[in-house]
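Please work from the sequences and hints to get the whole structure.
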Amino acid sequence: MNHRMTVLHGIALGALIAGLPCTAIAQSQSPVAGDLQPRLENGRQIYVVAQFERFNPRTALDIVNQIPGFIIDTGDDDQRGLGQADENVLINGARISGKNNDAFTTLRRISVENILRLEIVDGATLSISGLSGQVLNVVTNDDGERGVTGNFRWRPQIRRAGENWFAGDISISGPLGKGEFTLALENDAFRNGAQGRERVIGRNFIRDEVARTRGDRPVLNASFTQTSDAGSIFNINAEYGLNNFRQQVTTARTEPGRSDISEIFVGTEDEWNAELSADYEFDLGGGRLKLIGLQRLEHSPFEDMFEQRFTDGVTPLRGNQFNRTIDEGESVARAEYSWKTDGGTDWGINVEGAYNFLESEGALLVRDAQGVFQPITLTNANSKVTEYRGEIIGTYGRALSDNLTLQATLGGEYSQISQNGPLGQTRSFIRPKGSISLAWKPQDDLDFSFKLERKVDQLNFFDFVASVDVSNDVRNAGNPALVPPQSWNAEIEGTFNLGAFGSTTVKGYYNKISDIVDAIPITDTTEALGNLDSAKQYGITVASTFLLDPLGWTGAKIDVEAEAQRSSVLDPLTGLKRRISDDLIYNYEVSFRHDIPNSNLAYGGGLERYDGFTQIRLDQTADFDELQPYAWIFIEHKDVFGLTVNANLGNLFNRTDRFVRTDYVGRRDGPINFIEDRSRKFGLIYRLTVSGSF
Numbered sequence: 028m029n030h031r032m033t034v035l036h037g038i039a040l041g042a043l044i045a046g047l048p049c050t051a052i053a054q055s056q057s058p059v060a061g062d063l064q065p066r067l068e069n070g071r072q073i074y075v076v077a078q079f080e081r082f083n084p085r086t087a088l089d090i091v092n093q094i095p096g097f098i099i100d101t102g103d104d105d106q107r108g109l110g111q112a113d114e115n116v117l118i119n120g121a122r123i124s125g126k127n128n129d130a131f132t133t134l135r136r137i138s139v140e141n142i143l144r145l146e147i148v149d150g151a152t153l154s155i156s157g158l159s160g161q162v163l164n165v166v167t168n169d170d171g172e173r174g175v176t177g178n179f180r181w182r183p184q185i186r187r188a189g190e191n192w193f194a195g196d197i198s199i200s201g202p203l204g205k206g207e208f209t210l211a212l213e214n215d216a217f218r219n220g221a222q223g224r225e226r227v228i229g230r231n232f233i234r235d236e237v238a239r240t241r242g243d244r245p246v247l248n249a250s251f252t253q254t255s256d257a258g259s260i261f262n263i264n265a266e267y268g269l270n271n272f273r274q275q276v277t278t279a280r281t282e283p284g285r286s287d288i289s290e291i292f293v294g295t296e297d298e299w300n301a302e303l304s305a306d307y308e309f310d311l312g313g314g315r316l317k318l319i320g321l322q323r324l325e326h327s328p329f330e331d332m333f334e335q336r337f338t339d340g341v342t343p344l345r346g347n348q349f350n351r352t353i354d355e356g357e358s359v360a361r362a363e364y365s366w367k368t369d370g371g372t373d374w375g376i377n378v379e380g381a382y383n384f385l386e387s388e389g390a391l392l393v394r395d396a397q398g399v400f401q402p403i404t405l406t407n408a409n410s411k412v413t414e415y416r417g418e419i420i421g422t423y424g425r426a427l428s429d430n431l432t433l434q435a436t437l438g439g440e441y442s443q444i445s446q447n448g449p450l451g452q453t454r455s456f457i458r459p460k461g462s463i464s465l466a467w468k469p470q471d472d473l474d475f476s477f478k479l480e481r482k483v484d485q486l487n488f489f490d491f492v493a494s495v496d497v498s499n500d501v502r503n504a505g506n507p508a509l510v511p512p513q514s515w516n517a518e519i520e521g522t523f524n525l526g527a528f529g530s531t532t533v534k535g536y537y538n539k540i541s542d543i544v545d546a547i548p549i550t551d552t553t554e555a556l557g558n559l560d561s562a563k564q565y566g567i568t569v570a571s572t573f574l575l576d577p578l579g580w581t582g583a584k585i586d587v588e589a590e591a592q593r594s595s596v597l598d599p600l601t602g603l604k605r606r607i608s609d610d611l612i613y614n615y616e617v618s619f620r621h622d623i624p625n626s627n628l629a630y631g632g633g634l635e636r637y638d639g640f641t642q643i644r645l646d647q648t649a650d651f652d653e654l655q656p657y658a659w660i661f662i663e664h665k666d667v668f669g670l671t672v673n674a675n676l677g678n679l680f681n682r683t684d685r686f687v688r689t690d691y692v693g694r695r696d697g698p699i700n701f702i703e704d705r706s707r708k709f710g711l712i713y714r715l716t717v718s719g720s721f
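Each residue of the sequence shown is one higher than the one before, counting from 28 in our numbering.
Some hints could be false.
Pairs of lysine to aspartate or glutamate residues, derived as EDC-like cross-links and limited to a Cα-Cα distance of at most 16 angstroms, are as follows [said to hold, decoys possible]:
#, residue 1, residue 2
1, Lys482, Glu440
2, Lys411, Glu388
3, Lys708, Glu236
4, Lys539, Glu440
5, Lys468, Glu68
6, Lys126, Asp103
7, Lys482, Glu388
8, Lys317, Glu388
Distance windows between CB atoms, simulated [claimed, not checked]:
#, residue 1, residue 2, range
9, Phe309, Leu634, 47 to 53 angstroms
10, Ser289, Gln655, 28 to 34 angstroms
11, Gly697, Leu212, 52 to 58 angstroms
12, Leu597, Phe261, 36 to 42 angstroms
13, Arg71, Ile660, 45 to 51 angstroms
14, Gly579, Phe309, 38 to 44 angstroms
15, Pro624, Pro202, 15 to 21 angstroms
16, Val587, Ser255, 41 to 47 angstroms
17, Leu578, Arg605, 44 to 50 angstroms
18, Phe261, Ser289, 55 to 61 angstroms
19, Ile699, Gly320, 52 to 58 angstroms
Honestly, the hints are just simulated from the structure, not real lab data.
These numbers were taken from a predicted model, which means no experiment stands behind them.
No residue lacks a Cβ here, since even glycine has one placed at the ideal position from N, Cα and C.
This is how it looks when you write it as structure tokens:
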């Protein structure tokens with residue numbers, strides 16, 4: 028163990044030991060069977076903060092992470108516009124404002140003192156278009172009598188790649204006039220790295236590599252909400268962030284009979300991004316109208332450089348460099364009107380208009396025979412992609428019986444996508460969309476939901492413009508002819524309340540996709556992402572919490588989250604069926620936690636693993652594998668001078684990340700050119716999390 032690791036480990040153990048005297052005087056937290064069982068009320072599972080006292084929660088996220096069998100789903104993070112709700116967390120019955128604010132960041136800013144209760148309900152029973160399955164609603168105290176509260180976390184880390192002392196977040200909220208404000212400062216900083224050997228089969232050389240990545244992503248967020256005496260609700264949210272990313276891979280390349288070569292790859296990004304959003308909801312006629320506006324901007328300069336230095340003293344410097352600046356923007360205006368009619372039927376109509384753009388300026392430089400950079404022409408690297416999109420969706424929901432609820436949506440989308448430059452064109456699309464959802468509760472401890480949806484996916488504007496991967500000498504031509512994929516998606520979900528033993532949720536899904544995006548030939552020697560006719564994708568997910576109190580292990584629990592998936596598409600080169608490129612095969616996470624009764628101590632651990640299918644191009648394949656699961660253990664003290672201190676030791680199995688890239692002569696159906704077989708390890712990871720409230 029090196030000195031830096033010893034320092035952090037000592038800080039963690041010292042802090043925990045310093046808090047031990049608090050254990051003797053800690054309030055009794057003896058959990059009993061049923062502590063985490065919800066109260067059932069009108070088809071809802073109700074939790075209160077007191078049920079989670081043994082975890083000493085400080086924020087809403089601390090509580091939600093301990094709700095048996097519930098997993099936060101942030102929905103489609105790449106969706107342009109706002110669209111229908113797809114994130115399974117609500118705050119006071121409403122969607123989370125803005126786009127950069129996901130459920131994790133929003134819940135982390137809510138102090139437990141401000142929570143009245145937490146409700147889990149099937150989304151199809153709500154009058155919010157698009158929701159189905161288990162949805163969490165956090166109800167906060169809005170009586171205006173509470174004072175200013177705040178939370179903070181500091182998350183230092185030490186690993187082989189170096190120290191990370193700057194990760195953490197702090198937020199403060201309280202009354203402001205007749206409303207409430209929240210200010211938050213976060214830095215999702217990281218320092219990652221690995222090292223190992225790569226054998227290049229077919230070219231008979233070996234690389235000893237050291238890879239390091241680091242990033243600082245500070246974000247400043249401010250929000251304000253106010254509810255009038257008449258029930259009108261106003262929200263405004265503003266955010267400004269930076270993303271400073273650095274990557275470096277240094278390589279010592281050796282080959283029999285040749286002088287050694289020193290290789291280096293350096294990648295940088297210096298991004299700023301900003302978002303401003305606001306919404307206003309009020310009574311109108313016999314219903315409620317909600318008006319939403321959003322503006323988002325992002326500026327991202329990238330620079331990637333790869334070079335080779337030869338030790339023979341003769342061969343000049345070789346290498347290439349790809350520089351690109353990306354400007355992105357999004358403007359959204361949305362209106363949602365909902366009302367009820369006799370019999371409890373919910374009606375709604377949602378209208379949205381959006382403008383999106385991506386502007387790219389790219390340049391490729393390649394060193395000539397004298398080692399001097401020379402510009403290389405890249406067709407379609409300097410281009411602007413724009414989209415005007417409009418959507419209208421009608422919603423209908425009603426209870427078909429005491430335990431069966433229907434929600435249906437129907438509408439369509441119009442979009443016009445344009446691209447300038449030598450390959451530019453303008454195209455328009457009209458796509459129908461809609462869904463049918465059913466929520467069925469045959470008994471108090473059993474919930475089922477079913478959803479059938481016609482979905483229009485969003486295109487990635489980066490796929491329209493040319494780009495270069497200089498480290499692997501791979502070029503993508505960009506494809507202005509891409510069309511949005513469409514799919515029929517079906518899913519069925521069942522939640523089983525196991526009483527004192529916990530809860531489990533199982534979901535099965537099937538997606539029939541048309542115009543799926545995959546690698547296609549552009550010319551005899553170039554390729555880009557394009558559309559294939561059809562594909563299918565199906566799988567199963569499980570989210571379970573098993574409480575061990577009934578077995579006599581008071582305060583202990585096991586959480587399980589797993590997914591397995593299959594897919595099928597016709598390969599455009601071979602005509603044979605294969606999985607979708609880079610598709611999920613399986614992943615799982617199993618964790619254990621024991622909160623020792625009558626103390627402030629907890630301990631536990633877990634393991635996780637991910638496996639995905641090979642990335643497929645027309646001229647090569649790339650496969651990434653985790654040869655061992657990632658495993659960790661932790662010990663936590665919940666009152667170290669009023670703070671919660673968690674010490675975590677990760678990567679217990681010294682996981683090996685293996686990467687195999689197979690390059691072909693010409694296309695992938697021809698002979699193999701060479702194979703890169705790389706294995707890297709990244710060693711133990713020491714993490715410390717110190718959190719508190721004020």
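What hints, given by number in increasing order, does this structure fail? Numbers 4, 7, 8, 12, 13, 14 and 15 - these are the hints that the structure violates, sorted from lowest upward.
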